[in-house]
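S.K.: Residues per chain are reported as follows:
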Amino acid sequence: MTTDQSIASITADLTDEIQQVAKQYPIRRSAIMPALYLAQDKYGTVDGIVYQAISEILDVPEIWVFEVASFYSMYNRTKLGNYHIQFCTNVACMLLGADNVLANIQKRLDINAGETTDDGLFTLSCVECIGACDVAPVMIVNEKYYNYLTGERVIEILDQLEKDIKEAAK
Amino acid sequence: MNEQALLKNIRNPDASDITVYEKSGGYTGLRKALGTCSPDEVIEKVKSSGLRGRGGAGFPTGMKWSFVPKDSGKPHYLCCNADEGEPGTFKDRLLMERDPHQLVEGMIIAAYAINSNIAYVYIRGEYFLSISRVEEAIAAAYAAGYLGKNILGSDFSLDMYIHKGAGAYICGEETALLESIEGKRGQPKLKPPFPAVAGLYQCPTVVNNVETFACLPHIFRRGVDWFTSIGPADAPGPKLFCLSGHLNKPGVYELPMDISLGDLLENYGRGARTGKFKAAIPGGVSAPMIPSSGFDVQMDFSSLAAVDSMLGSAGVIALDETASIPSVARRTTEFFSHESCGKCAPCREGLTWAAKILRRIEAGDGLPDDPAQLEVLCGGIFGLTFCALGDGAAWALRATLKHFPHEYEALIKNRSIPA
Amino acid sequence: MTKFVLDGKEFEVAPGTTILTAARAVEIEIPTFCYQDRLTTLASCRMCLIEIEGRRKLEPACATVVSDDMVVHTRSEKVVGAREDMLEILLANHPLDCPICDKGGECELQDSVFEYGKGDSRFYDDKRVFRTRDINLNDVIVFNANRCIQCQRCVRVCEEVVGDVALGTAEKGLDSEITGVGNSLKDCSHCGNCIEVCPVGALMSIPYRYKARPWDMVQTETTCAMCGTGCSLTAETRDGKLMRIKSNYETGLNGELLCAKGRFGFDFIDGGQRITEPLIRKNGVLTAVSWDESIEFIGTAVKNIRDTNGQIYGQISPRQTNETAYMFQKLMRDVFKTHAIYSSNRFEGFAFGGPDTLQALHNVIAHHSRKPLKEVLNADCVFVLGSNITDENPVSGYLTRTTLRDRKNALLIASSRPSGLDNIASATLRLLPGLEGSLMEALTKVEPATSDKTVEFVTHAQPLIASANTVALLIGTEFLRTKNAQNCLEWIDNYTRQLEADGKTVAVQFLFDRPNQLGLWDMGCLPEFPPDWRKSEDHTPLNTNPDMLYVLGADPIGGAASGSCYDAAMNTECLVVQDAYFSQTTERATVILPAPSYGEAIGSYTNNEGRVQKIRNVRPAAPNARPILDVINAIALVMGDRFGPHSPEDVITEITQSVQGYQKLDLKAENDMGFTFGRPNKSEHLVRETHQFNAPEAPKGSYFLITGDDKFSAGTISTHSKILPSLGGGPYAEMNFEVQNGREIDDYKVTVSRNGVSLTVPLKLNKSFAKDVVFIPESVLQLQASKLLSGPQYPGVVDVTVSPELSD
Ligand SMILES: Cc1cc2nc3c(=O)[nH]c(=O)nc-3n(C[C@H](O)[C@H](O)[C@H](O)COP(=O)(O)O)c2cc1C
Ligand code: SF4
Ligand code: FES
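Chains B, Y and U are the protein sequences, given in the same order. The first sequence: position 93 = 93 (my numbering), numbered continuously. The second sequence: position 296 = 296 (my numbering), numbered continuously. The third sequence: position 571 = 571 (my numbering), numbered continuously.
These are calculated hints, taken from the structure and not from any lab test. Any given hint might turn out to be false.
Unchecked claim - DSS-like mimics (lysine-lysine), calculated; alpha carbons at most 25 Å apart, straight line:
no.	chain 1	residue 1	chain 2	residue 2
1	U	K408	Y	K184
2	B	K23	Y	K184
3	U	K9	U	K57
4	B	K23	Y	K149
5	Y	K191	U	K186
6	B	K166	B	K144
All of these numbers come straight from a predicted model, not from anything done at the bench.
Make the full structure from the sequences, and use the hints.
M.R.: This is the structure in structure tokens:
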């Protein structure tokens, strides 16, 4: 993403919002997490140049920004597909057949967990419990939960998602 | 059906609207607390209610608040632990998505009690809907004069902000949560000093769970006596149980804590799908599993502790006879090793090692002394780690070795699970 | 006091003591990895777990405070078992590549496993491998992630002590990895303290890589030659060749700490161009001569000058030892019959006021608190005046940060250059050198009449100082370059006395940029003050055009390009240079005598604290480098003077008898020879109610040029190092400048010019500088444009143009 981005342009994009959120905290360092989210909302991912810009805006050491970006799993340091599938593989889901559902997703998309399809439509991540064990197996696609997944249902969902985006593109 | 307090409005699609909340008695608890009690009296009331934290450790809430020094000369902070990440737990999400004002109102009462003017709600980043519902609730509370300057005409002021987590289970541990708000990697802080004395920004801080806060409006609206009339004497008040796994009717149930595990699974979860339970994890995967022979245990803090397990987050995962215990152990150990913050050696290195052995066993490459080795490894982790994550992981793994040794042996010998 | 039982014996300790500290005090060893004195306690490695009766769990000794009647076991079965478990778990992923690891033989993990381990491991699975090749984090630090045990000592030392925050931790859990931004270390001081504190072979020194094994080397304890902080260090050599510099937890004021100059600059002893034989200029050409001839030549010259009532000047480098300094001034005073003895020609401020200035210096020096910096830093209020402490005396800066980082409102800084401590200071002020005195004066006023910024600073500082019971002043020497030197000294003296009159305890310490400036002065290397600051009887006015300049170890021509010794060196008929290296001064010399270099002789230095410390030779002197004492004696001898002492032992005896506070000086002593004390000053100090300071003014559009040492330089010797000059990224000019939108800093070049001399170097942007000030390191100016500094005024006024040269 940020190949055509410079520190100056990121600073111009984000300074106001970051300064605004920084007011919620008594120290600037606290604003690193929200600042990374703001950058991610804008550019999709965060990377070295974003860390540098945030470090300048908040006047904190750059390594602090990188430490945070790499510790928390929800900061995307690589480009994601249009749909980000966060598939829960934790115990409750596992007990209800998540492994089988996952295998179907992998086959359907022809990728492994952690990868993005060649057409850039889907990224598949296996995640820990997402707090929906009563409707397991579950996954989140972008911000939407999909419950009671089965091997067949998940294929239908993926097909539908693919159709949706192709139609929207037309 | 028991009387529902926390979940009373959960099926009303408009419950998150502040006017709906107010109509069903919302914010009268706050009015009572603010209008009739000094902060110390609020703490006393909460103490006498016997409310114990719903986040995992079951620490008496009023007592925790009373540790906050009265004259520290520093700002005091209040934090809500809404990082709900314990596998098998989804009650806080329900509360925040459906009826978030209970949380907001409870936090205002707590902030008043501990003399805090800034409160942070730490919500896990994956809870998109919770975040926006709580955001809306906070905005509505500001608009209605429950937040901001001079709340309800008193000289008490409070600002409330959401701090979004970003995907790290360990941030549910209260000191890691504070580090995270400080903008650092979420690693637990050294205790003592405890947060009540030196927490967020080295200032006195109280951290409570969503459900703990949600109990407070009810305590103040309906009185301490109402609260203590529910459940066992040392664990009063309504409790949310999250039921999942091999059950016919999983979900969140509000019940007193004198219910037994078997009762909960059979009468609320409607029994095992295959008809026969093998075991259950009573309080999120950190809680050691209990074989079906022990299902008569009462679901309160001390009874579960007595059988070498814990109520934890009250995330009950039921395992029927089809479940492979070594696989469950492998998956939970993987979870903990994946979510280890990396700070202390036994958890960081030990759990990964244990996970490797468990994977090997599951794949049919187990060595005869692997279970013994796992036991030794658990001994090198349990009780020696920096925070309770590593402890819980080793404790939970140990229980599987203790209750189901034959499953491990069979896997190693026959490469298959006995029927 | 708190009473408790440790391994069956009862002990009493001060309340608040941790079990670890208490145990170590009675020599009960408890193994640790993450714990380190000076750093915040982490308690994460879990090696130090011990058993406390009545507690369910083992507790970390490093973080558990002893309480009354606690019963502690450090060797119970549970504890021993836990240690075995911890080590086995740590080794599960630790590569067993000890035979090729640089740390082999001095690895804390290796040692602990040997001492506390079980001996075997049951780990059959593959070990985690981050990567197969190590990463060079920069030019001196290389990192092997596989060996890291996550003790975080490096990260903490970098942030909490050094103040760089260059290191951090990436990822979490088992993937946790120490790193810098983009796998390199941005904002790194290259001090290598992270290497020093690494318990295993994860962070390693590139210069030392694969060079030697600890057991193959000879260790010599000595004192650093770079600055006045006077860090203890261990030089490790093999077959007489320097392999590495190490610091040591137990020794010196610095313990495990060193700065880049100390740790990586020691190789200067192998750099520079050595003088290998005595030389005399004959018909304009330097010609090799015998020692006898050269000494005969000097003797005759001195005799002639004495006979004709001529004038001789002497200049000695503040890197010479106390012993040498003492004999040098003795030769000058007793044999050469001169009291024109100088040590640092940068301190030109002394020249302006003459004897009065030196008297003012004595007043302050008499006040110099000769005690440990650590103690001085415990003051309620610490005031750093006129120094970029973290660049010029980095380890003093580290110690200051360590002591003050968690104390609000304890540190004040007023200096021309920003320093690494600004971010923990309660208030900072950018102040041109020479105005230190006016600031002191302003601090005594109810309504100071100075610039807005100064007023702001003073109003902030006054109540802090007023509420402090103890005040420490750490004073740089930059003002000694200025015409206001005397005023500054008087006001420092005046202000300290006023504080004392208010009932405060005041500590004053200079922050010298050279290792033995204080010692040289104590030894009498000053025109007005013979050894021990006895007032001189000799007030012969000095002839500014001396017939001879005798230079010992110094380089007046390559130095400041102005000042009395510079003028003398440029004009005198007879320039004698005794030194280890050729320099700009030797180019003009009449006689050149080879001397042993630092590292080839023994002696003592007096550091900023007034502590006398040993310097030792790490190798034999170069073949022709005759001991300086020998040469001094030989010169006296050819002049027929009765002179002595002759042996090093006797020199020391004479010093102990004639200089107060040096009684512990001893040829055979260990490193630390105690604190000296200044001669109490009976003379009246000068209280002036008001004073006119000549605040320098730069015409609009021009700048003040200031100079000094940076993190990688300490005068000329640091330029002899192969490593140091490369670390700073080459010459630069540092200033505050508005970079145009969209331009990268790297595009900018700065041209500084004055009197037809100019220098163009890359811009180093620093927003904390005053807008009308430009800084260029002295080592850069000395090599490339020392004339920029010439002239009677410091800081000089220069023209500066900044050009955005696109490097495309
Ligand atoms: C590894 C770990 C994870 C935790 N996760 C949570 C959590 O997600 N939510 C929570 O409320 N408490 C969690 N806790 C418990 C908190 O540390 C803390 O005890 C609790 O938030 C206090 O609130 P309470 O007194 O209201 O229970 C966790 C503890 C540990 C050790
Ligand atoms: S037990 Fe695990 S999660 Fe807790 S501090 Fe240690 S490494 Fe971190
Ligand atoms: S030294 Fe105490 S835990 Fe590491």
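S.K.: Does the alpha-carbon distance linking K23 (chain B) and K184 (chain Y) stay inside the 25 Å limit?
M.R.: 17 Å, holds
S.K.: Would the pair K191 (chain Y) and K186 (chain U) pass a check requiring their Cα atoms to be no farther apart than 25 Å?
M.R.: 33 Å, violated
S.K.: When you check the alpha-carbon spacing of K23 (chain B) and K149 (chain Y), does it fall within 25 Å?
M.R.: 17 Å, holds
S.K.: Taking 25 Å as the top limit, are the C-alpha atoms of K166 (chain B) and K144 (chain B) close enough?
M.R.: 19 Å, holds
S.K.: Would you check the hint for K9 (chain U) and K57 (chain U), treating anything up to 25 Å between C-alpha atoms as holding?
M.R.: 22 Å, holds
S.K.: Tell me if the straight-line CA distance from K408 (chain U) to K184 (chain Y) falls inside 25 Å.
M.R.: 22 Å, holds
Hint violations for this structure: number 5 only, all remaining hints satisfied.
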